[in-house]
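Protein chains in written order, with this note's numbering: chain A, 1315 to 1749; chain B, 833 to 1144.
Calculated directly from the structure, the hints in this document are not laboratory data. Computed from a predicted model, the values in this text were never measured in an experiment. Every residue gets a Cβ at the ideal spot worked out from N, C-alpha and C, and that includes glycine. Among the clues, some could well be false.
Simulated pairs of lysine-lysine, DSBU-like, Cα-Cα distance not exceeding 35 Å [unchecked claim]: (1) B:Lys893 to A:Lys1641; (2) A:Lys1489 to B:Lys997; (3) A:Lys1541 to B:Lys997; (4) B:Lys997 to A:Lys1390.
Just some of the chain B residues that point at chain A, by a computed CB distance under 8 Å [to be verified]: (5) Ser994; (6) Gly999; (7) Thr1087; (8) Pro1091; (9) Asn1093.
In case you want the letters, here they are:
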Amino acid sequence: MVNFKALLKKSTLVGAAAALTMSLAACSGKTSGNAASSDSPVNIIVTNGKGEIDAQFKQAAKDFMKANPNIHVDVKSSAVGDTLNMYDKLTASGKTVTIAMFDPYSAVHKYKDVGMDLSNEKWNAETTYALKDANGKVIGFPFAVEGMGLVYNQKVVEKATGGKFDPFSVNTQDKLKALLDKIKASGVQYPVSYQTEFWSVGNHYSSLFLDQDSDPNVILDKLKAGKMDLTKNAVWNGYYDTLNLLTSKTYNKYGDRPLGQYYDAAHVAVGKGDSAILFNGDWAFDSLKAVAGDNFGFMPVPVDNNPDNPLNNKIAVGPTQVLVINKKATKAQQDAAKKFLNWLVYNQAGQDFIVNKAQIISAFKNNPNKVTNPLGVAISNAIAQNKTMPFSTNYINPSDWSTIIGPEVQKYIGKQESRKDLAKFLESYYKSHQE
Amino acid sequence: MLAKKVDEVSYHTEISQKVIRRKRNLTSLGNSMLFLGPSTIFFAITVVIPFIYGIYLTLNKMDSPIDAMVFSGMLNYVNAFKDAEFWSSLWLTIKFVVATVFFVNLVGFGLAYLVTSGMKIQNSLRTAYFTPNLIGGLVLGYIWQFVFVQSLPALGEKLGISWLKLGWLGDPHMAFWALVIVTIWQTSGYMMIIFIAGLISIPKDLIEAAKIDGAGAFRRLINITLPLMVPSFVVTIFLSLKNAFMVYDLNFSLTKGGPFNSTLMVSMHVVNKAFVEANYGTGQAEAIILFLIVAIVTGIQVYFSKKMEVEA
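Chain A with its partners taken away, still in its complex shape (with noise of 0.2 Å):
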């Protein structure tokens, strides 16, 4: 009995011992990294932000060291959903990641010190969506492109009007006004079925209205100065009469008490034809739920009454991931980046898994795919037709503004405040965050 006791104690400290060691050992590995010398591959590591193309992407990666044996691609796909970038987790533990896969806003501000010139890369002749930073220095890759506007139902459209629809037509308030009452005539009770969540009222729509000058950063330089007074700016307010005419009783499924948790129901109304039109980007086709053969597209977003305006005809496209190669890899993990980058632009099997296989439009005109989702041809129908304006999205604190302008917007629709109260608080807002 004794000895087993003795035992015992004897093993528990054993363990305790074993696992400290482990722990110890565990915090050691962090200083192996990846030296290469000549002759043995080049190891970048490159982290996709995109959980949900895992799969594909590490299989382009296979592709992509079939064809060059001389440098080991590591994917590191981050979980859908993860709040923390995995290239932060691979830095903190000491790890050089070599291409770094950021949206537009964190890579030129949180992480506009990771990304090395890219402006001399040959790609920039195939897109205009390479993303710049503050001194025009081309940093961002565009990976990833995604577009937002009236998202419509072909067939609810069609009906109504009577023959074939061109969303672009529709390039006035009145004129979209004129459609949503035909489209009530033609006995659809509520032809909009907006679901109003934050996210979509702050972050999408309400930083549209920075579209106004070519260039967003304009705009936000302006509030950031103190020098705009939005209630007298007719764009931004134009929006809001949009906004209105979108959310209002007589048009809006949700008219009556907007702000509740709708978004499939919203997307199942507009998949089924109970509605015809809502808001959002060409990540909503899987919510929409449609029966195959299906047609759905973009209308512009009308700000006002003048059919020349270009806000009336054009759509927001931009890069939604772009990807950065770090300035602290050595040169030949540069080297290596580059390479893989031209790879998915000019080769086959890079095109190939861009758009076929991750379903992903492409920002580079000379990719000959196209994906299969109808919003995401419709995107890349605007672009081809060069019918698109900057993703207003992409110039603005994503997280400030879904957890405090958003539900600020939110309150707006709910009534629950003035437009002046918004105005005011938008511009408080930016004179207190000058990041």
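Take the given structure of chain A and dock chain B to it, following the hints.
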């Protein structure tokens, strides 16, 4: 001579007793190490050390959990005290606590009374009432979101009840009560189990004596059952207090704090502050303040309700 011998013997026994005592102390230390050691180590690793480290983190300025730490003294606490949203969400949480503690215990006790009253199907009812507790808060939130946004309005439409026609979660007051209703639905079954244990342990002879003395059912409940149930109430009120203060998962999945942050509870505010708005130090400081408040409130509750306990 003899006396000396006796002295010597007693001296030796004293020593041997001391040795034995010391040995016994050592073995009991060994025993407690054996039985408490492993759990103490795990408790320290998962609770004590992170908690102390957490307090240390509040003295540093960090934007995210992996940023470099810069010592900043009490700055995070100053920011937390200045954060008006934190205090308004705390006030909302206190309202939520009052509503849920009251109703959860009322409903839980009522259910327990019902299923110990000698009905034929009481065992299956116990299982049925307990089941909601087995569903996690996140799943529960999404299920009830469907109920509040789609089922009830559809019912209102069919039956012509005008106040049911609109989704509940779009109105600040209804969204708040939606949270309360789901919490009651989820936790009163659990409290019921604790109340059943209390009800069963009430001596039958007391009830019978009261009956003979002519006490009606209501009098028996007020004067005999409830005073003897105080130990159960101490536990259930403590649990429902703590759960209500710390609510996050249900808040996240049912309303996401909306509409316009009107149902944003304090835990969610802390998480948003730390991880979404990237203010890790301030969020952590707010979490410590929240911990202190909850510890004080529940401590007072347990202290005073313990005093109300009576012996049968």
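Hints versus structure:
1. In summary, the hint linking Lys893 (chain B) to Lys1641 (chain A) is supported, as the alpha carbons are separated by about 26 Å, within the 35 Å threshold.
2. A threshold of 35 Å between alpha carbons decides the hint, and for Lys1489 (chain A) with Lys997 (chain B) the separation of about 31 Å falls inside it, so the pair holds.
3. For the hint linking Lys1541 (chain A) to Lys997 (chain B), the alpha-carbon distance of about 46 Å lies beyond 35 Å, and the restraint is violated.
4. Proposed proximity of Lys997 (chain B) and Lys1390 (chain A) is contradicted: the alpha carbons are some 48 Å apart, above 35 Å.
5. Checking Ser994 (chain B) against chain A: minimum C-beta separation of about 10 Å lies over 8 Å; hint violated.
6. For Gly999 (chain B), the interface hint holds, since its Cβ comes within 8 Å of a Cβ in chain A; the closest pair sits about 4 Å apart.
7. The criterion of a C-beta within 8 Å of any C-beta in chain A is met by Thr1087 (chain B), whose closest approach is roughly 7 Å, and the hint holds.
8. Using the Cβ-Cβ criterion of 8 Å, the hint placing Pro1091 (chain B) at the interface with chain A is satisfied: the shortest such distance is roughly 4 Å.
9. At a threshold of 8 Å, the smallest CB-CB gap from Asn1093 (chain B) to chain A is about 4 Å, leaving the interface hint in force.
Comparing the model with each earlier hint shows violations of hints 3, 4, 5; every other hint is respected.
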